[in-house]
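Line by line, the protein sequences are chains A and B. The opening position of the first sequence corresponds to residue 1 in my numbering, with each subsequent residue numbered one higher. The opening position of the second sequence corresponds to residue 1 in my numbering, with each subsequent residue numbered one higher.
Source of the hints: derived by calculation from the structure; they are not laboratory data. Possibly wrong hints are sitting among the right ones.
With the C-beta cut set under 8 Å, the calculated list includes, among others, these residues of chain B facing chain A [what the hints assert, rightly or not]:
| hint | residue |
| --- | --- |
| 1 | 68 |
| 2 | 93 |
| 3 | 116 |
| 4 | 125 |
| 5 | 129 |
| 6 | 252 |
| 7 | 253 |
For each residue, glycine too, the CB sits at the ideal point set by N, CA and C.
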Amino acid sequence: MHPNYFAVFREFARNSLVREMTFRGNFLLDCVSSLSWVFMQLGLYLVIFEHTDQLGSGTGWGRWPFFVFLATTLFVNSLVQFFFMTNMEELSDLIRTGNLDFALLKPIDTQFLLSLRKFEWSSLANVVFAAILLAVSLGHLEFRPTPLQGVLYVVFILCGVALLYSLMIALGSVSVWLGRNESLYDFWFYITNFSRYPMEIYEGPFGTPLRLAFTFAVPILLVANVPARLLAWPFESQDWRLAGYAFVASLVALVASRKLFYKALAAYRSASS
Amino acid sequence: MSVVEIEGLKKSYRVYQKNEGLLASVKGLFHRTYKEVEAVKGIDLKVEQGEFVAFLGPNGAGKTTTLKLLSGVIHPSGGTARVMGYVPWKREHAYRRRFALVMGQKNQLWWDLPAQESFRLHQQIYRIDAKDFDRTRDELTELLQVRALLGRPVRELSLGERMKMELIAALLHSPEVLFLDEPTIGLDVVAQHNIQQFLRHYQEVRQITILLTSHYMKDVAALCRRAVIIAQGQIMYDGSLAGIVDRFSGHKVVTLAFADDEAPDLSHFGTVVESHTPKIKLRVDRPKVAEMLATVLRDHVVSDVSVEDPPLEEVIADMFQSAEASLATNKS
Numbered sequence: 001m002h003p004n005y006f007a008v009f010r011e012f013a014r015n016s017l018v019r020e021m022t023f024r025g026n027f028l029l030d031c032v033s034s035l036s037w038v039f040m041q042l043g044l045y046l047v048i049f050e051h052t053d054q055l056g057s058g059t060g061w062g063r064w065p066f067f068v069f070l071a072t073t074l075f076v077n078s079l080v081q082f083f084f085m086t087n088m089e090e091l092s093d094l095i096r097t098g099n100l101d102f103a104l105l106k107p108i109d110t111q112f113l114l115s116l117r118k119f120e121w122s123s124l125a126n127v128v129f130a131a132i133l134l135a136v137s138l139g140h141l142e143f144r145p146t147p148l149q150g151v152l153y154v155v156f157i158l159c160g161v162a163l164l165y166s167l168m169i170a171l172g173s174v175s176v177w178l179g180r181n182e183s184l185y186d187f188w189f190y191i192t193n194f195s196r197y198p199m200e201i202y203e204g205p206f207g208t209p210l211r212l213a214f215t216f217a218v219p220i221l222l223v224a225n226v227p228a229r230l231l232a233w234p235f236e237s238q239d240w241r242l243a244g245y246a247f248v249a250s251l252v253a254l255v256a257s258r259k260l261f262y263k264a265l266a267a268y269r270s271a272s273s
Numbered sequence: 001m002s003v004v005e006i007e008g009l010k011k012s013y014r015v016y017q018k019n020e021g022l023l024a025s026v027k028g029l030f031h032r033t034y035k036e037v038e039a040v041k042g043i044d045l046k047v048e049q050g051e052f053v054a055f056l057g058p059n060g061a062g063k064t065t066t067l068k069l070l071s072g073v074i075h076p077s078g079g080t081a082r083v084m085g086y087v088p089w090k091r092e093h094a095y096r097r098r099f100a101l102v103m104g105q106k107n108q109l110w111w112d113l114p115a116q117e118s119f120r121l122h123q124q125i126y127r128i129d130a131k132d133f134d135r136t137r138d139e140l141t142e143l144l145q146v147r148a149l150l151g152r153p154v155r156e157l158s159l160g161e162r163m164k165m166e167l168i169a170a171l172l173h174s175p176e177v178l179f180l181d182e183p184t185i186g187l188d189v190v191a192q193h194n195i196q197q198f199l200r201h202y203q204e205v206r207q208i209t210i211l212l213t214s215h216y217m218k219d220v221a222a223l224c225r226r227a228v229i230i231a232q233g234q235i236m237y238d239g240s241l242a243g244i245v246d247r248f249s250g251h252k253v254v255t256l257a258f259a260d261d262e263a264p265d266l267s268h269f270g271t272v273v274e275s276h277t278p279k280i281k282l283r284v285d286r287p288k289v290a291e292m293l294a295t296v297l298r299d300h301v302v303s304d305v306s307v308e309d310p311p312l313e314e315v316i317a318d319m320f321q322s323a324e325a326s327l328a329t330n331k332s
């Protein structure tokens, strides 16, 4: 008999919420601090757009299309934060302290158990903010996306989440061999910094290698760029190719990171009691 | 067929040999020396259904490693093991649903939430029928007398209360095999006793198979008829608890009380353990006991006499010490 994954997922969500409500001061502070970061980001770009019409000449990323992009980045990052961030941060500790033992005893998929145990409910504040920003920005665009583009937008947001999650679980898995992996979150932050900008700005002798590396080697540039293009302007043939590639890349990333995760579990050596 | 069947089970770890000092640490960045540590060195063991077996040994003997191998938490370096027909490290759900591991030094309950929330999560993970879940939870909380604590966050429970909750979490799915790794560690005498009573009752009623590691001989004496002693990753003894004293203790403890406040020198018969005139307690080699008693009873007026086996704890402690000493000799 297989476990009822949906029921377990619901229990995780419920327990996390009860836990966050227990420490309501901390919960409110988390909401305020992540919203402040978002407001600062928005403020910075508002200042930038006081001085220029678009990011990079001829890129098409004017003020409102770019805010669609910003909202998309926020959606993806907040969803990753909501579902996975706390769990991935804890994974390294579980491995180092041997507390991963208990996860390996349960008759349920271990990756599912470790990836979704705790939800970070405060990051939903950013999701709400992103939805408002997206609605306002779309209202200012001349281009109106079709319903199909709307559906595909959701699909590619999920692909973006899958790409970032795969990267996270792969980084977390490495902890089994490293023993200690405290730079996981830092590395994550550095690398996802590159995904927050339109890929057109990565041009020239420094930009092109970065664009190629973060499109084909570690495809994090696809995370926000593909869904944002779907809503920001009419989709062109080269965008479809990129979207197809993003879809395949996220599937490959999920499969590869799962294999790495299970390889790591086979090498897990626990810790002395 | 035995419930637990182990043949030639081995587990070794590669451990980084770090030398002392900054220079050695810097050198370690470029070149490292590793050592192979054999935690379990090819053990054979069979446990039958319904047995309550104590797994004894000094720290680092390989007890916990063996339990982790049998739970599928870690993979072995060699040998085979089957529990209820399953190879544990294949980590099959069907196996995981039929056993439980409780570790006295680790906790699996959500720290900030009441234990009942973790129990409900277990219900979903193990797909326990709602009625069965309620019945088992109520029965276990009654037996362990923690019903009133179900709604209290785990972090606010005492160590003993927390261990009771851990036991409940582990037993909710009615496992057929239970691995207990020092379940009473750090608990006061009352809490230890409560948990012993509970485990004895539960095992008698359910007839499940239990492997217990503990450093408290009171746990072992109260619960297990069979003991397996492991030291340096090898099984040194497998048999009854009573047999340990017969096999490993070469002496008896003789206590004498003299009638007329005398305190004769009896040190030539053995080692004097205590001497409070008119009472003397001696450790005497088994073959000499009869001769010693005959001599003392002939030459002195004795008001009371007792001849006992040394306490189990003492015999096992001596055994562990000699095992560690022999390990140190082998190392050097």
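| query | Can you list which hints this structure breaks, lowest number first? | reply | 3, 5, 6 and 7
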